[in-house]
Amino acid sequence: MKSMLTALIQRFARDVDYLDIRLEESEDTSIAFRGKAIDTLRQSSEKGGCVRALYKGGWGFVSFNRIDPESLVANIRSAIKQSHIVGHDASCLAHVPVVEDTVVLDVRKDPRTVPLDRKMQILSDYNAMILSSSPLIPMSSVSYSDSYKHTWLATSDGSYVEQERIDLGGSLVPIAVRDGQIQMSSVGFGSSDDFGVVLNREEELKQACRDAVALLDAPKVKGGVYTVIANPTLAGVFVHEAFGHTSEGEKVYENENLARIMKLGETFGSPLLSIYDSGLDKGYRGALVYDDEGVRTQKTPLIDHGVLVGRLHTRETAGKMGEAATGSGRALNFKFAPIPRMRNTCIAAGDSSFEDMIRDVKLGVFAVDAMGGQGGEMFSFTAGRGYMIRDGKVCEMVKNVTLSGNLFVTLKKIDAVGTDFIIHDSGGGCGKGAQFPLPVSSGSPSIRIRDVVIAGD
Amino acid sequence: MLSLPEIEPSRRSSTAIRLIISGDLVLRFISGPESGRSVRLTEAQSEIGSGPQSGIRLRDPLVSQSHCRVIRTADRWILEDLSSRNGTFLNAKLIRRAPVGAGDEIILGSSVIRCDYHDPDIRGSRRTMTGDSEIIPSMIAHELKNYLHFMDDCVDVIYRETGADRSCETGLRSIQYAREQIDQLIETLRSGCSPLRLRSCDLKELIDEQIDLMSVSMSASQVTVDFGFPMEPAWVRIDRSKFAGVILNLLKNALESMTGPGRIEIGLTATPEEVMVWIKDDGKGMDPDTLSAMWSPLFTTRENGCGLGAFIARTVVLRHQGRIWAESMKGNGTTIHIGLPAAGDADAETIEDSGG
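Line by line, the protein sequences are chains S and P. Counting in this note's numbering, the first sequence runs from 1 upward without gaps. Counting in this note's numbering, the second sequence runs from 1 upward without gaps.
By construction, these hints were calculated from the structure, which means they are not laboratory data. Here the structure is a predicted model, which is why all the values come from computation and not from measurement. It cannot be assumed that every hint is accurate.
Each pair of labels, with its calculated beta carbon distance range [said to hold, decoys possible]:
#, chain 1, residue 1, chain 2, residue 2, range
1, P, Pro52, S, Ser132, 49 to 59 Å
2, P, Asp152, S, Ile85, 53 to 63 Å
3, P, Arg263, S, Lys2, 47 to 57 Å
4, P, Arg263, S, Ser3, 47 to 57 Å
5, P, Thr73, S, Gly376, 17 to 27 Å
6, S, Asp28, P, Asp208, 39 to 49 Å
7, P, Asn332, S, Ser44, 41 to 51 Å
8, S, Leu41, P, Gln176, 39 to 49 Å
9, S, Gly158, P, Pro288, 40 to 50 Å
10, P, Pro272, S, Leu199, 23 to 33 Å
11, P, Asp208, S, Ser132, 53 to 63 Å
12, P, Ala98, S, Asp28, 20 to 30 Å
Stretch-level coverage of chain S by chain P, calculated; a stretch enters the list once three of its residues show a Cβ under 8 Å from a Cβ in chain P [as the list claims (entries may be wrong)]:
#, stretch
13, 29 to 39
14, 372 to 382
Each residue gets a CB set at the ideal place from its N, CA and C atoms; glycine is no exception.
All chains should be built: construct the whole structure from the sequences, respecting the hints.
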């Protein structure tokens, strides 16, 4: 493979400013239950590749699923032709070290060694547990997927990277229904090296079933401005959706307003706040050795003690902005070109205990887990559930806890960061454009935010 | 507003179903962040989500970027979940893909959506057609017009080519056949929508007959026909007379979609469960809006058309428990697919309730 790809690159490199060829083989399994019925049971394998050619700032991109020398030559010519049609400017890619490397799998439990019927049985048992947990839980959504990916990348800079990767994730969702009201709770899991994370979720799942039923009776939170303590899972989703997406290089490069705000060196929060995005956290879904441009992954500080210090780049966005590539150029699969993406986005641990954070909150909301959210400068998130905080104590459960606000204002209002840091993985993944679901993780300790607007009656 | 909840879905007549879907679906947000908003679905597919690529973008944080979509098919609306994080609920039931219509309630995240049909369209339909009693005479008029056209073509040929024996013979046979069809239609006019007289029949043979019948008009228009039939008979249980009308209508539509010389391809495949027929033309094709409306009664793009050919074809196919759909692209022709349950070769005739 290596000799073929490097020979092709050498043959055509002189016609463009930059050329890369990426080939991929993958195997995927998906299982899903909706209620008692099996909704999805799929095993598939795919093989394909893509060519990217850059000429005078214009990209040609061709993806294909015939991998023989003759087709490859035709596809390279086609990508080069495209780049010549669109290129009228100057090419600008950040310089990166030339690498030659082979990354073999280093896993604890490879999901491919677990037979399909065993996977089905595990999921089916979880599903049965949900559906028998309460008469108020007539529905469930249980899903699992895993994938194995083998990629070969050769670039005209002389890099050659062969990588194997495993990804798996899932979620177990009890759905409680009464009088047309629907409430759910969820247990999520994921890993890049261990099928074991799928197992032994029974106790968490029982609690999720109890939470879903309890939410039916819980009162809606009263709308207002509160001090909010977000648990690590919700804070992780917040940092991914609100801040992580805003840190993607092309967003800043292409949006003048955002570029004016997101100036490196500006203060974005209190000295307690540090945020980073890392591909180095082995075992988590966002872990990655090289990105899809052959750039070694790293831990990229985004906010260091309140000061903006970095963002996530492909070689192109880094080059155009005069910054360094960060190993964040990721593509969902061979059908897509790499774009700036997150890996494992985290708020770094602080030094407050949960007791310290809650002690002087007279009236507030403890927001737990995340049902979903929309990021960007104006964000809105809904917690899985909430609990009122009264006089420094966690009190009754409340539902419909939706936090919204301006990202930059809110970051400055984070006034306590906990020690209880965890990285959270779940099923699904991150979506950007058509590239969904990309495996990512997020992590955080509990954080306390002052003056958060919570929608409500 | 046309209200049909009192009719059991399985007992709805085909005509009634068409009246419903001739209106666009309207989503009315009754709670959640979009409360008060109404969206009329006019596209063949409408994606709903919180992402920028979604045609219907919701500010609901519990809605995934690409949450679900509503698809308009030839005869109904389908709601399909797009692997959303928090699921798509139809009438409080978690669904992956399900038919959706007026009166249904969709829940996406914290948004509750009531489905409705767009009023003006429904009222428009009702003004012209309130049920079978009004539409049957129109259908018959359309059919009569078809057969009379063939008769005219044939008579022209006989006059022009009195020396050509073969042309005369084909023409006269067609006149005789058309007259028989007119007789039966007049009978239908008298007795209302007649029941299906089902008997086993080789669909290949029936299609051959209809092509023969059309051959005069086709050669006059310089249109050639290519067949792709298997050797074995393709047995189906159909009302032969009514189904002949279906094939004839579709062939005629294919012919009329061509402005000059062209080609019609007819294929047939049979499995133990289903016999599939397709009729493909290389005519002018349809844009997505025309395609989605083509099965509606009285919808036509031709100046002198009745807008009933495709409607009748579909009505008859559905009454035979079959399926029918079209694929088309503007400038690239149209293909009509018909699937009918396969039958053994028993020849006993049964009369079934018309269901309508």
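Outcome of the hint check:
no., hint, result
1, P:Pro52 - S:Ser132: 49 to 59 Å, "violated, 41 Å"
2, P:Asp152 - S:Ile85: 53 to 63 Å, "holds, 55 Å"
3, P:Arg263 - S:Lys2: 47 to 57 Å, "holds, 51 Å"
4, P:Arg263 - S:Ser3: 47 to 57 Å, "holds, 50 Å"
5, P:Thr73 - S:Gly376: 17 to 27 Å, "violated, 35 Å"
6, S:Asp28 - P:Asp208: 39 to 49 Å, "holds, 48 Å"
7, P:Asn332 - S:Ser44: 41 to 51 Å, "violated, 31 Å"
8, S:Leu41 - P:Gln176: 39 to 49 Å, "violated, 58 Å"
9, S:Gly158 - P:Pro288: 40 to 50 Å, "holds, 49 Å"
10, P:Pro272 - S:Leu199: 23 to 33 Å, "violated, 44 Å"
11, P:Asp208 - S:Ser132: 53 to 63 Å, "holds, 60 Å"
12, P:Ala98 - S:Asp28: 20 to 30 Å, "holds, 26 Å"
13, 29 to 39, "holds (count 3)"
14, 372 to 382, "holds (count 6)"
Hint violations for this structure: numbers 1, 5, 7, 8, 10, all remaining hints satisfied.
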